[in-house]
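Novice: Chain by chain, the residues:
Protein chains: 2
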Amino acid sequence: MPVPPRLSVGEILNPRSIAVIGASEDLRKFGSRVLNNTIRGGFDGEIIPVNPKRSQIFGRPTVASIRHIDNPPDVAVIAVPRDYVPTIVEECAGHGVGCCVVITAGFGEIDAPGARIEQAMVDCAKSAGMRLIGPNCLGLLNTHAKLLLNSSPAMAVTPFRAGGIAHITQSGALLATVYNRGVDDHAYFSTSVSVGNQADLELADFIDYLADDPNTRVITLYVEGFRNPQRFIDAIRRCREAGKPVLMAKSGTTEQGARVTRSHTASLATPHRVLEAVCREEGILLVDDIRGLIQTAEFFSRYGQPTGDGICVVSGSGGAAALTADRMAERGLRLAGFSEPIRRRLEVIYEPTQLGNPMDSGALKEKSFTKIDDGGLSIAVEEPDVHALLIPITTGPSVGNTARCMADSVIAGAKPAVFVIMQGNADDGARDILNEKDLLCFETLEEGLRVLERWLSALRLPTAGKRPERPDGLPAPANSALLPTHPTEHEVKVLVDSYGLTSVKEFVVTDIDAAYGAADALGYPVVLKAVSRHLVHKSEAGAVKLGLNNREELHTAWQSIHQSVPELEGCIVAAMEDGEAELIFGILNDKEFGPMVLFGFGGLMAELIDDVKLIPAPASERRVRALLGELSLFPILSGVRGRPALDIDLVAAMISRLSWLAVDAKDWLLELDLNPVLIKQSGAIVVDARARTSTC
Amino acid sequence: MPVPPRLSVGEILNPRSIAVIGASEDLRKFGSRVLNNTIRGGFDGEIIPVNPKRSQIFGRPTVASIRHIDNPPDVAVIAVPRDYVPTIVEECAGHGVGCCVVITAGFGEIDAPGARIEQAMVDCAKSAGMRLIGPNCLGLLNTHAKLLLNSSPAMAVTPFRAGGIAHITQSGALLATVYNRGVDDHAYFSTSVSVGNQADLELADFIDYLADDPNTRVITLYVEGFRNPQRFIDAIRRCREAGKPVLMAKSGTTEQGARVTRSHTASLATPHRVLEAVCREEGILLVDDIRGLIQTAEFFSRYGQPTGDGICVVSGSGGAAALTADRMAERGLRLAGFSEPIRRRLEVIYEPTQLGNPMDSGALKEKSFTKIDDGGLSIAVEEPDVHALLIPITTGPSVGNTARCMADSVIAGAKPAVFVIMQGNADDGARDILNEKDLLCFETLEEGLRVLERWLSALRLPTAGKRPERPDGLPAPANSALLPTHPTEHEVKVLVDSYGLTSVKEFVVTDIDAAYGAADALGYPVVLKAVSRHLVHKSEAGAVKLGLNNREELHTAWQSIHQSVPELEGCIVAAMEDGEAELIFGILNDKEFGPMVLFGFGGLMAELIDDVKLIPAPASERRVRALLGELSLFPILSGVRGRPALDIDLVAAMISRLSWLAVDAKDWLLELDLNPVLIKQSGAIVVDARARTSTC
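So the sequence lines, in the order shown, correspond to chains A and B. Under the working numbering, the first residue of the first sequence is numbered 1141, with each subsequent residue one higher. Under the working numbering, the first residue of the second sequence is numbered 1141, with each subsequent residue one higher.
The following block holds chain A by itself, in its conformation from the complex (with noise of 0.2 Å):
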C-alpha cells in the first residue's frame, strides 16, 4: 500500500543527512568511493559511515547498521553485494529513510529474476513513503549543495565550481566523463543524476525538478530508452515553461525495431522520426554528440536565449577566417552586415576594400597595426547586428597580448562569444588569458561552430507553452466500434470525411450492373478498384483499373479484378481525378509517444527520396503550414517555373484536422494512410485510403 513520499526530489538533491553502507577504506569499492568523494566534496550536513565492522572510516566513527542511526537519514547511499541489497531497503523503509541510492547492480538490467527483485524492493519502499533511485546508478551531485554523492574517480581530480548545467543520463559511466570533460571545457554543473534502472525516481521526475530548481539555467539529458513518455514531455513542458533550454543526447537512434505495419505513413514514421519531431516540436534541442551536449549547455547557461543570428569573425589569418566563412554557409550561418555608422568607424582602421566580415585584423591598415590589437572587435561589438562573435585565433607574434585585447573588448560588448584556438601549445598563453578572463574558448573549428549552430537554432523552435486548438465543426471523438480491425477504403473514407477531408466521388458495386450505373452516374473515364480489406498493395496486385473510358473497358477491368483478386468483398467504381500535386497524409499511433501524423509528397519519385514530415498529434495549422515549406518539393505548391501556386492553406488545414482525427481515435486507430491526396489550385482530393485499427 503506498504511502506519500516522506522527502520530495528537491529534498532529496539537498538532503539534511547522507548514510553510506557498505563504506569502507578500500578505494577500490564503490562505498569507499562514494564515501570519500561526498566528505572531500565538502557537504556540510551529517554524513554517517554503516559499516558492522569497523569503528570509524575515513577518521568518522561508523555505525553497524541503518537502525543504529537515531534520526534516520534522508539519503542511504547502498553499496554492499546485490544479494544483501534487499534486505537492506526493507531495512532503510522500516527505519524511516528519505530515499535509497541503491549503486548496486545485477537487478533488472540482467535478467526476470532480478526484474522481480527490483520491483519487490520498489514496493518496499512505495510502502514506507521512501524513494529509491538506481538500482545499477552512479549516484548524483548537487554543486550548489557541495554534494559529490557517487562513486567516480573522477570526482577527486576535477576541479570544483558550481554552475548551472543540469545533466540527467542513463549512463553512470558517462556521468563522471561528462562532468569531468565539461569542467575541462569551462562548462560547470548544478545538479547531476545518474537515474540507473529507473526502478522508482525516473527522468521524468527529475527534470519536473529542475523546472524549479532555481541553480539550474540549463537541462541536458542523456537517454536511452523513456520509462514514461508523456510524464517526460510533460516535465520538459514546464522546464521550457520556466525558460530553460533543454538539450538531450540520445543512443539507439539509427536502430530499426522490427516492426510489423501494413501501411506507408507506418513504415516511413521510424522511431528515429518520431523522436525528432516530438523533440521539435516541445523545443528539445537533439544533440548527437556528449561533448557538444555539454559546450551548447554553458552557453546557454552564460548567454541565455539568442535574440539575432548575426554572427561576426575577427581572426589574424586571411586562411582562417576563409574556411570560417566557408563552413558556415554550409551550415547557413549568418556573417553580421555592418551599419553605416559602425563601417566608418572601421574605415579608421581598415582600408574599405580590405574591410568585411570576417574581419581579417591581419589587413589592418600598417599604421594603425599596433594600436589596434583587438583588430576592431571593440567597434564591431557596437553593431546591433552582431549577436555573436566567433574568433579564430592562429600562431604569430603577440598572440596572446592579441587575444588580451580581444577578450577585454568581447566582455566591454557584453556579446556571447567563442574563442577557438587552433594551434596546440603555440599560444602565447592565451589560453590561459581566456580562462581567467572567464571566456569560452574551444581547440578545434567545428566545435565553436557547432554550439553557435545549435545555440542559434533556438530561434527556430516553436514557442514553449501553446498549444493547438481544437477547430471549429470537427465530430465528437467516435467511439472504437466504429471500424473494423482492417476497413474498408470506403469506410476509411467516410471517416475521414467527416473530418472535413473531401473523397474522390466513388460507388461501392458488387455486379457489374450497379458498375455501369455507377459509371454512367460519375461520367466516364472512371476508374475500377478492388474492395479486399487483406489486400495491402493495391496497385501492385493489379486490383487498380485507371482511365476506363466506356462499358467495354470497365466489364473487361472488372473481369480482369474478380480473376486475379482473392477474398474479393465488392468494387469501387470512382471518378478519375487529377491534380498539380500528389500528397500523402497519414497517422500513426506511435507506442511511446501517441498519434502522429505524416505528411508530404507522394508518388515513385517523391517515395525514393522520402520527402515526408512528421508531426505530434494534434498540430496546429500554422506548424503544418511550416514544415509543408520544408518539404524538398515545397516549390511544386508553392508554385515554380510558370505552375500556379496550389492550395496551401487548404492542405495544411486538412493535415490539421486529420491530427485531430488521430487524437481523437488514439485508442483504436492504429495507422491510417491517405495515399494520393491530390492537390489542385483550388481544392485537394483524397483517392486512396486505408487503415488499421485495434478493434477485433
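Hints listed in this document are in silico derivations from the structure and should not be mistaken for laboratory results. Some clues are possibly wrong.
Copies of one chain are not kept apart here, so a pair can be met inside one copy or by any two copies together.
[Said to hold, decoys possible] Distance condition first, Cα-Cα at most 25 Å in a straight line; then the derived BS3-like pairs of lysine-lysine:
(1) K1820 x K1685
(2) K1266 x K1193
(3) K1169 x K1505
(4) K1505 x K1806
It should be emphasised that the depicted structure is a prediction, and the values quoted were computed from it without experimental measurement.
Since the structure of chain A is provided, determine the placement of chain B on it from the hints.
Specialist: Below, chain B without anything else, positioned relative to chain A:
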C-alpha cells in the same frame, strides 16, 4: 631570357647553405625569427646572416650583403622592407643564389603595381636560373634536414620530431598553426612550404617533388585557388601513382562566382561541384577541417591504405558504446563481424548474450573481469574482418591500467587503432600511456570517427593511373568552324548524333505545307517547336507545342508560335516520344579544369532535388555507371515496384561518348545541354538540345 634553374625543388628543400637577408636579433622582426628558428632547428649546413650594420647576430658572423659571400648560398631568405626587395632579388640572381624565399609582403596580393613589381622579380630570377618562393610567405620546413626556415614563433615551442606528412599551404599563418597543432595531435611532418603569392614556384612544383620524396608518405594541401590546374592534376597523379594519398582543404568552396550561363548544365556545375568531381576522380580526399586533415594524414602515414572496412569498437561504458554505434551507423561505418573461432574464444570471457561488437568490456563475466583488462581486445584483433579499432575510454577505476592493456593488445595485433579519451583530466594517466606507446588518441569521438571515415573513404577512390580509352567508332575531332556561337537545336543534335547519341526524328521547316508533310511522314501525334538561336527557355516562352493530333491542331500551334516567338528562324516538327525516365546530359567547359560532363535526372521534381552528377571528361563507361548508381532516383533506372529495368548500359555508353565530344570540342564548345533524354527499356533518345560555342 629564362635559363635552366640552378637547383631543383628537392635541392632547394635540402639546401647546403642558407643566407638570411634582413637578419637581426630583434625577435619582433621576421628576419630575426627566421634566423633564430633555422639555428635552433639544428640545420647542419651553413647559415649566414646578412646585415650591413652588425658584425655578428646570435653569435654568428654576418656579411654586409649577399655579394660578400664567396660561395653563393643555395637559398637566400629575404625579410627586408618591401621597397628594398627587388634590388636584393637582383643581387641574389646576379650572385648565383639558387632560390630566394621572399617573406616580405605587399606585392601582387595588394594591387596591380605590386603585381608588376612581382613579375619583374620573377623575370629577373628566371633570366639567371634562380627560383623564387613567395613573396608574402612564411617560409618552409624540412624536418628530415632539421630545417625550420620560417618566421613563426611556434617553431620554438613545438616539440621536434620528423614524420611522413608533407603540407603545402597558401596560408602562412596556417602553416605554423597546422604544424604546431599537428605535433600536439601526434602527427608528424616531413616537409611544409608556405607558397605565398606563387610568383614562381607554385603548388604543383612542390607536389611534383613530393611524389619522389622518400621521406613523405602522405601529402596534405591547403588551397585557396589554383595557379595552373592542369599541372596540379599532373602532379597529383604522380603522387597517387607513387602510392601516396593526397588530402586537400580548399577555402572559397561556398562562394558562387557571378557566372553568366545560358545552359542548365552550367548553372548546375558550380565551381565547388567541379572541384568535387575532379577530386573524386583524381583520388584527392577533400577535407573540410584543417585539423582533421592532418589527423587523417597521420593515420595514413602510420597505417597506409585501408584493406577493408570492418571496425571493432571496445568500451568500458555501455553508454559510450551505444553512442559510438549510432554515430557509426549515421556515417555508414561498418561494425566488423566475428568469425566462429574468434567468437568461441570471446565467449570464454563474455556471456553469449553480452558478446557483440561494440564490445562492452563492462559486461565481462564477473570472474574474468580482473584478468581481462583489455576487454578481450587481444582476441578481437585476430579477427580478419577487423581492419581498425575504435576505443572510446570513459572515467572509471583503473582506467590507466585498462588503457595500457588495450594498447598492448593493439600493438601486438598490429591493427590500426583510434583511441578516444572522452573525459577531461580524469584519465588516470591513460593519455600519457598511449602517448608513450606512440598510439593515436583523440579528444572527441567525432574526431576519431572522422579520421576513420576519411581513411576508409580511400577504399572507394578510383584506381590511380587508370585513364579512359577512346571508344571505337567516334568521329575525328571536329573543328571550331562547325557551329556558330548559338547553334540551333537541330545543329546540336546533328553534332551529338555523330557521337552516337540518337535524337528524336524531326524535320526543320519554314512553311506550313512543309510542316504538314513532315507530320505526315512522322505520323501523328507530333510536336512543334520554334527554331530560334536566342531563346533559352523554350517551354516557358510557349515555343513548344506537344501532342498535336492532326493538321488542324498543327496549324493552330504554328500560328501561336509565329505570333509569340521573336526572331523565329523556322520550326521543328518532331515525333512524340516517351520514355520511362527523363534524364539530362550536359557538357561544361570549366575555366580551371576543362571539359566536364554532367548527367542526372531531369524534369521538375528531379530539378528541385538536384539529382545530378558531374565528372571530368573523358569519362569511362565504368565510372559513369558507378556514378549513375549514386543518384537518388537511380531505382527508376534499375527498376523498382514492378517497373522495368531500363537500358543503363546504353545510358552509360552515351554519357561516356558525350564526354569524348567534350574533349574533342574543348577549344570551341563552352556549354551543351541535352534535356530531356528519354530512357526506355531498350534505347534512349535525345529530345531537346542546346549549346553555346566560343566561335563568333
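Novice: A separate judgement is required for each hint: does it hold in the structure or not?
Specialist: Cross-check of the supplied hints:
1. K1820 x K1685: both (22 Å within a copy, 23 Å between copies)
2. K1266 x K1193: The answer is neither: 30 Å in one copy and 90 Å across copies each exceed 25 Å.
3. K1169 x K1505: For K1169 and K1505, the Cα distance is within 25 Å only across copies (18 Å; inside one copy 64 Å).
4. K1505 x K1806: neither (68 Å within a copy, 45 Å between copies)
Of the numbered hints listed earlier, those contradicted by the structure are 2, 4.
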